[in-house]
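Given next are the chains, with one letter for each unit.
Number of protein chains: 2
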Amino acid sequence: MIELAAQRCQLPRWRDRLQSADEAAALIHDGMTVGMSGFTRAGEAKQVPLALARRAEHEPFQITLMTGASLGHDTDGILADAGVLARRMPFQVDRRLRAAINRGEVMFVDSHLSEMSEQLRHDQLGALDIAVIEAVAITADGGIVPTASVGNSASFAAQADKVIIEFNVAAPEALIGLHDIYVPAKRPGRQPIPISAPDTRIGTPYIPVDPDKIAAIVLTQEQDSPADITPANEATQRIAEHLIGFFESEVAAGRMSLSLMPLQAGIGSVANAVLHGLMAGPFEDLTMYSEVLQDSTFELLDHGTLRFASASAITLSDAYGAKVWNNLERYRDRVVLRPQELSNHPGMSRRLGVIAINTAIEFDIYGNVNSTHINGTHMMNGIGGSGDFARNSHLSIFVTTSTARGGALSSVVPFVSHVDHVEHDVDILVTEHGLADLRGLAPRERARVIIDRCADPVYRPALAAYFDNACARGGHTPHCLEQALAWHVAAQRDGSMRALVDQPT
Amino acid sequence: MIELAAQRCQLPRWRDRLQSADEAAALIHDGMTVGMSGFTRAGEAKQVPLALARRAEHEPFQITLMTGASLGHDTDGILADAGVLARRMPFQVDRRLRAAINRGEVMFVDSHLSEMSEQLRHDQLGALDIAVIEAVAITADGGIVPTASVGNSASFAAQADKVIIEFNVAAPEALIGLHDIYVPAKRPGRQPIPISAPDTRIGTPYIPVDPDKIAAIVLTQEQDSPADITPANEATQRIAEHLIGFFESEVAAGRMSLSLMPLQAGIGSVANAVLHGLMAGPFEDLTMYSEVLQDSTFELLDHGTLRFASASAITLSDAYGAKVWNNLERYRDRVVLRPQELSNHPGMSRRLGVIAINTAIEFDIYGNVNSTHINGTHMMNGIGGSGDFARNSHLSIFVTTSTARGGALSSVVPFVSHVDHVEHDVDILVTEHGLADLRGLAPRERARVIIDRCADPVYRPALAAYFDNACARGGHTPHCLEQALAWHVAAQRDGSMRALVDQPT
Chain F
1 MIELAAQRCQ LPRWRDRLQS ADEAAALIHD GMTVGMSGFT RAGEAKQVPL ALARRAEHEP
61 FQITLMTGAS LGHDTDGILA DAGVLARRMP FQVDRRLRAA INRGEVMFVD SHLSEMSEQL
121 RHDQLGALDI AVIEAVAITA DGGIVPTASV GNSASFAAQA DKVIIEFNVA APEALIGLHD
181 IYVPAKRPGR QPIPISAPDT RIGTPYIPVD PDKIAAIVLT QEQDSPADIT PANEATQRIA
241 EHLIGFFESE VAAGRMSLSL MPLQAGIGSV ANAVLHGLMA GPFEDLTMYS EVLQDSTFEL
301 LDHGTLRFAS ASAITLSDAY GAKVWNNLER YRDRVVLRPQ ELSNHPGMSR RLGVIAINTA
361 IEFDIYGNVN STHINGTHMM NGIGGSGDFA RNSHLSIFVT TSTARGGALS SVVPFVSHVD
421 HVEHDVDILV TEHGLADLRG LAPRERARVI IDRCADPVYR PALAAYFDNA CARGGHTPHC
481 LEQALAWHVA AQRDGSMRAL VDQPT
Chain Z
1 MIELAAQRCQ LPRWRDRLQS ADEAAALIHD GMTVGMSGFT RAGEAKQVPL ALARRAEHEP
61 FQITLMTGAS LGHDTDGILA DAGVLARRMP FQVDRRLRAA INRGEVMFVD SHLSEMSEQL
121 RHDQLGALDI AVIEAVAITA DGGIVPTASV GNSASFAAQA DKVIIEFNVA APEALIGLHD
181 IYVPAKRPGR QPIPISAPDT RIGTPYIPVD PDKIAAIVLT QEQDSPADIT PANEATQRIA
241 EHLIGFFESE VAAGRMSLSL MPLQAGIGSV ANAVLHGLMA GPFEDLTMYS EVLQDSTFEL
301 LDHGTLRFAS ASAITLSDAY GAKVWNNLER YRDRVVLRPQ ELSNHPGMSR RLGVIAINTA
361 IEFDIYGNVN STHINGTHMM NGIGGSGDFA RNSHLSIFVT TSTARGGALS SVVPFVSHVD
421 HVEHDVDILV TEHGLADLRG LAPRERARVI IDRCADPVYR PALAAYFDNA CARGGHTPHC
481 LEQALAWHVA AQRDGSMRAL VDQPT
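Sequence lines, in order, name chains F and Z.
Every letter in the first sequence is one number past the one before it in the UniProt record's numbering, and letter 48, counting from 1, is 48.
Every letter in the second sequence is one number past the one before it in the UniProt record's numbering, and letter 363, counting from 1, is 363.
It should be emphasised that the hints constitute simulated quantities derived from the structure, not laboratory data.
Keep in mind that this is a model prediction, so the values were computed, not measured.
It is possible that part of the hints are untrue.
Since the list can't tell identical chains apart, any single copy or any two copies may satisfy a pair.
In silico EDC-like links for lysine to aspartate or glutamate, alpha-carbon gap of 20 Å or less [what the hints assert, rightly or not]:
#1 K186 with D302
#2 K186 with D285
#3 K162 with E482
#4 K186 with D199
#5 K162 with D210
#6 K162 with D333
#7 K213 with D161
My request is simple: use the sequences and hints to build the entire structure.
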């Protein structure tokens, strides 16, 4: 490994800083705040977290763990099970960590992905003790070339007292030059971020780091976890078709060109289906300004429909991963990875006019969206970047299948059990049944459209009955408050909302 | 009036376009969309709307009315009573219009104030037929110098097929030069907005208008309605004290200088009390980057504590109005009025690091804020600019008295009946009882702090009982769903939440 590392490390006397993962992990003490690389399973620190879990077996301690977004390799689950996590932010997708969060054992601070590093920079989250960042190369000045994600690593490196580098000799060398690192200045006095298109480059291809802060270099050679891709099914295919039909109608109405606007797509099978579907349409010269690039992005690049993609991470399936990582040169001029503060920046979403496509757990008849909580109480993953993009986008689109658990739960409800995206932030809702265009509509108008276009036909009469009864009581946003959450109470009690169908409220 | 107008009108042959308000109003037909100037009772079109209401007495017709924000002179109420309003956006504060909205007669599209003109520009709200804009002067090229607000007028003038100018000869001539008009380009291809501080000027002192679009000039001489200022009372005074103490502690912790960050303050007595209170503190060289400037802004400018104020409107009480309008020269270099798209721009709030202070109707134990709805159903005013500022601010602060209706209603509830600001967007909550600093806290931690610091002592045991029962059921955000809205159900039924105190849920 050392020979491979030597080829990509220009830092003088770097061998003096080599440590085992256990030695490096010993720099992390009880009560510390640690910032680690990693965003949607890409480019995460891999060895030091495991060493922390090992140490916790015989020496209990707890830390606050910050990352870019989710980690792969069950890292969050392993750390949660080891009892290492007192506090976790800004996002996670791990089954075991989620259980610990919902038991109230880990304090999870669910945050907009663009915002945490801003709070950190202005000392609103306490001091950052140590950063652990995966690198594919190290420059002569100590600069870190990150791997498949940038995430919050640039801010972590700037803010932390000490930096541990996980030097991954198995990461593709072609990653070098793919990144564009720019960190907004501390306020006041900040200048505008000079990005005017997805392909604008404004920074350096490495994360600047004070070499005196590099406390350890740990060699690794493990690959990122592959993306978990749920294959497209009939429902996701229909959702994609509705959305692509809508894009075509927007073009026909003269509201967008065939290049649309820069696309953002949350992770998952619907996003993949939509992007895949764009290949068949009349679209051309597309761009993405997103947070993560999946298989479908590279499929679209190969096909030529997509001209350029900007994001903070690349997360691929095993099959596609081999294809992309072995041919990265082919994409070099058409892909850029940025800090998540820039990929998800609300001002960029507004300036570029992003089309934001994100997944909802449920939405209500007035267009409020729940992206995070089951029955209003139990956390799934977190808000992630959906809020960063949705509020300031050209089009704020939320997609979901109309039911869950084999039809037992309606994804369209009278009153969402948790709100992540307020009615003011939602333009378009899509399920396999249809698309609701809410632009310029008042709540009472939204309700009719959402029930008719998006709800499963089985649940439509009960939703319409709720709405009619509510309208009889009046109000801008009519509700029968004593029945508003009855659908979720039934779901908690019976595991099903079908009782509401048989006896409409 | 014509002589006064002639002194401020450079447009050739402008007299040919003079019309009475009734003649100009005749340009507006049934089904049209009309954009009128006016923002927080400042600078609104005054004669044409009244002419519309008169005409509707004998000739029923309806329009979609867009403005900057709220109108004075009971204009919204008069139009609502006359049945002229089919649809209204993005904001209102009128008692009679509100009643019509809550009866479902007027379709109110409650929108982020920075966003409507963006949607209009990209043809997402249909065509704008006519703009009606109040002016203090007209340039030789037809440029409109607006009066006490800019609001959406620059976008309306650019988008509308025809423009009616209400030329207000009573508006202070000193307003000329106060405005800075810059309208973001249509996307794609937009460049960064080059504002880096509240006092950056980037545009023209007038709204550019194609002179061929000026269909009518109507002379007026009516003043703006004065601001309705509720005097400070003990509760608002305490809220201001908590907040100023917090600012001092932030300075002591090194997180801000004595100049703080640019301040945004919603309209109302708490905002006035906070700004007033800043005079007594150690603060210096303050700035504002807000949507509306009230009496307290000019008080702070006079006192010297405030160096510069940027906003989209000036709304003053009668007493302060005379003082300011007759001495506007004194403030010329220290105040700028911008389009609301810039004053409220989410990218500006993030770039400048605005301290956003807005009023809540209620918030819940997890920090979700309701700014708009009574009992989740009945609209008060609208979200206004609070969402524009809060999400991307340096500090997102919401204030309210801990109870309403003489203690019958708690402003701290288990579950808000409507969400305008999600938990992810709220840093600080303040009532007269104290201040809850939520930064970096998970929901279960937030609940303890909010109940202990912000709730009225009468309601604390019931809130704590709810929270304890909910925690026993588990979850990241524990709730007892079947009881979550019981407080509002009681409020609807009894006009009071006191039943919950006597019998904690």
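Check: Between copies, within a copy, both or neither: which fits K162 and E482 at Cα up to 20 Å?
Finding: Close neither inside one copy (54 Å) nor across copies (49 Å); limit 20 Å.
Check: 20 Å Cα cut-off: does K162 pair with D333 within a copy, between copies, both or neither?
Finding: The answer is neither: 33 Å in one copy and 46 Å across copies each exceed 20 Å.
Next item on the list: If the cutoff is 20 Å on CA atoms, where do K186 and D302 land: within, between, both or neither? Let me know, please.
Entry: neither (39 Å within a copy, 30 Å between copies)
Notebook entry, point to check: How do K186 and D285 come out at 20 Å by Cα distance, when the copy is not named: within, between, both, or neither?
Noted result: between (36 Å within a copy, 19 Å between copies)
Check: Quick one: K213 to D161, C-alpha cut-off 20 Å, is that within a copy, between copies, both, or neither?
Finding: The answer is within: 7 Å in one copy meets 20 Å, while 61 Å across copies does not.
Next item on the list: First find the shortest C-alpha distance between K186 and D199 inside one copy, then the shortest across copies, and answer within, between, both or neither for a cut-off of 20 Å.
Entry: between (25 Å within a copy, 19 Å between copies)
Check: When no copy is named, should K162 and D210 be tagged within, between, both, or neither for a Cα gap of at most 20 Å?
Finding: Classified as within: same-chain Cα gap 9 Å, cross-chain 60 Å, threshold 20 Å.
Of the numbered hints stated above, those contradicted by the structure are hints 1, 3, 6, listed in ascending order.
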